[in-house]
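Engineer: Listed below are the residues making up each chain.
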Amino acid sequence: MLVRLENRGEISKTMVYASPFIAVVLTLIAGVFLFALLGVNPVEAILSFFITPISTLDGFAELFVKGTPLVLIAVGLSFGFQANVWNIGAEGQLTVGALAGGGLALLFFESESLFLLPAMAAAGILGGMAWAAIPAFLKTRYNTNEILTSLMLVYVALLLLSYLIHGPWKDPEGQNFPESRLFPDAGILPVMIETTRMHVGWLFALAAVATGWILIARHVIGFQIRVTGMAPMAASFAGFKEKRIIWITLLMSGGAAGLAGMVEVSGPIQQIVPNISPGYGFTAIIVAFLGRLHPVGVLFAGLLMALTYLGGENAQIEMNLPNAVTGVFQGMLLFFLLAADVLIKYRVKFGGPKTAGAAEGAG
Amino acid sequence: MKLGKKLGLLSGLAAGVMLAATGLAQAADPLKVGFVYVGPVGDHGWTYEHNQGRIAVEKALGDKVKTSFVESVPEGADATRVITRLASTGHGLIFTTSFGYMNPTVRVAKRFPKVKFEHATGFKRADNVATYSARFYEGRHVVGLIAGKMTKSNVLGYVASFPIPEVIRGINAVAIAARSVNPKVTVKVVWVSSWFDPGKEADAAKALIDQGADVMLQHTDSPAPVQAAQGRGIWAIGQASDMKAFGPKSHLTAIIDDWAPYYIERTKAVLDGTWKSGDVWGGFKSGMVKLSDYNAAIPADVVAMAEKARKGIIDGSVHPFAGPIKDQSGKIILKAGEVMDDKTMLGMNFYVEGVEGKIPQ
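As you go down the protein sequences, you meet chains A and B in turn. Under my numbering, the first residue of the first sequence is numbered 1, with each subsequent residue one higher. Under my numbering, the first residue of the second sequence is numbered 1, with each subsequent residue one higher.
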């Protein structure tokens, strides 16, 4: 029997916003089956994965520590994605932001100045922007593909990090281990809830969400970005400058990723280490789409994604489940979301086409 | 305004959740012992042996303990969270088993003064942070003798992780021992900047073989270099665990880390209330370092020589770093008749004669 997809023509707006919830529910159901197959009590496992990690003040705070970089980066990325500008290199922009911000803390490692942190944040944003400016320049000047250039610059940034911590920035008392010295107290983000690690970086993420929402919903730039993405021809007829949109979206996403890098090194890590980010720049791409490229959606998607990390660790501690469970859950979430998106756009038809639509179906 | 309300709501929620949680934590009766691993428990090397130690603790102490572990924890922001998570969920003793967990362990220990921490291979201690490591270099001495006898090309390949004293000490121990039985030997080193990365480890091993190495040694955690050696028909020495299964023909022997006795002893100490911070550095004598079965292809006289050295290290008549030792430029750095003290060994940051290249600085 043939199965084919037929274009629905009209896309249901309700379903577009409902699909992330559907994906979450389907992931949970599939998770129950998965746990049952592994021979563990599914209810206990789901509780251990999604509830107990955040049932203590510490765990609850960790959700925001882990979610901060994801939300920051994803808010930035969602602008570009709406305008069909594909910045895949947030991981590199994060790394350069961390180096720029963290570099200041290392340069002034005896500083007690109150200005150190703001300067580090500014340096982080500028560092990320500078790294994103390279693909923006190449795209607007030579029409290179920003997907490739931004992605390849990730590896350049990681090599730069590796060079610095193996060389000039290595801790003089660290017995030759490739990591920097610890940052001074003045270079460490203040903690918001006493006894936890929840630092003020989360406020940056909330501010990014608020700014993003204002820009996209209330500002002419947001309008131009959306039109450029949905109907490039119309945008150029309306006189929107495409190059300007490319520059703005790349600089915004780069700056946000750079700030996320600075927040990571001056918040939870407090020094420069070989692995600053466990792939936040890439996970944030999933977060942006899970959040429907909307700042508020991204906020919740980022926290959900953070929860899957915490849950994976907790399931290891409590249930002796393998580390791979985290990846399986994240994969299922994305799979069900994409499947739902396909079904929103197309309807499934069984049997061969009755009309001349055959060529379309085969393509 | 909106933001302030949201935050207020969050902290209110958090406080409520915390109250609920403190009730839960007190219910635990057996001592909870947590382990943090840098690789997967199935790495068949470093992490595998630490996990064997954990299993041994469960077997030895039965229902007096309950152990748990988290594997593949990156040495960065995540390490602090995982250690905190273990400390805040009622674990009374936590083993953090990689050098890069040093600062995170010390940081978390400050926040949880009642929890005992044990950090492997580090040098920062506190009242509730002890350190432990094994004298891997004793094993390196014996395998260096075997490698020196078995090589035909007189080139030993060494896949190394990070240029810290612990790793450099191993390279030097091999070079000194191999050259004591075969002065023509040189050691070539490739650094992979990772503890566990089978792809990089295999590439490094192949590059070394292309440069003429016919015995492969490693200070990384996966059996990939042993596999590469088997594939190209050269000898290999396993690391941390018996890696014979990955290269039955090539595998001459392996240096095995046996953490079980130490883990059991320290867990008992916490149960008895006698735990104290300190630094333990065990070798062949205490059983923390062992050798796996010798390959049948090793001639009997070489096995006899290796066993003599191993017993000599145990009774103290043999020291892997005994003078005269020369550095790369040929300058004597330890006079004949002297043996190197622990402090010098712990800070070792130079290559001895016979090692090629420079330490990455």
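Hints in this document: simulated from the structure, not taken from any laboratory. Hints are not guaranteed to be accurate.
Taking lysine to any residue and the SDA-like style, the derived pairs with C-alpha atoms no more than 25 Å apart in a straight line are [claimed, not checked]:
1) Lys32/B / Thr326/A
2) Lys124/B / Thr195/A
3) Lys32/B / Asn323/A
4) Lys188/B / Thr326/A
5) Lys32/B / Leu63/A
6) Lys200/B / Val43/A
7) Lys110/B / Val43/A
8) Lys200/B / Asn275/A
9) Lys200/B / Ser162/A
10) Lys66/B / Pro322/A
11) Lys358/B / Arg4/A
12) Lys343/B / Ser162/A
13) Lys343/B / Asp272/B
14) Lys59/B / Asn323/A
15) Lys200/B / Met233/A
16) Lys32/B / Val43/A
17) Lys110/B / Leu117/A
18) Lys124/B / Ala186/A
19) Lys32/B / Leu138/A
20) Lys66/B / Ile46/A
21) Lys124/B / Ile46/A
22) Lys124/B / Arg181/A
23) Lys32/B / Pro184/A
Per label pair, the in silico range of CB-to-CB distance [said to hold, decoys possible]:
24) Asp210/B / Tyr163/A: 49 to 55 Å
25) Tyr142/A / Asp210/B: 52 to 58 Å
26) Tyr142/A / Asn349/B: 56 to 62 Å
27) Asn145/A / Pro248/B: 26 to 32 Å
28) Asp341/B / Phe282/A: 27 to 33 Å
Far from chain A, by Cβ distances over 10 Å, these chain B residues were calculated [said to hold, decoys possible]:
29) Phe69
30) Glu71
31) Glu75
32) Gly76
33) Ala77
34) Arg81
35) Phe123
36) Pro165
37) Lys249
38) Ser277
39) Met305
40) Val318
Quick reminder that beta carbons are idealized off the backbone N, C-alpha and C, glycines included.
Engineer: Looking at the structure, which of the earlier hints fail to hold?
Structural biologist: 4, 6, 7, 11, 12, 13, 15, 19, 21, 23, 24, 25, 26, 27, 28, 29, 30, 31, 32, 33, 34, 35 and 36
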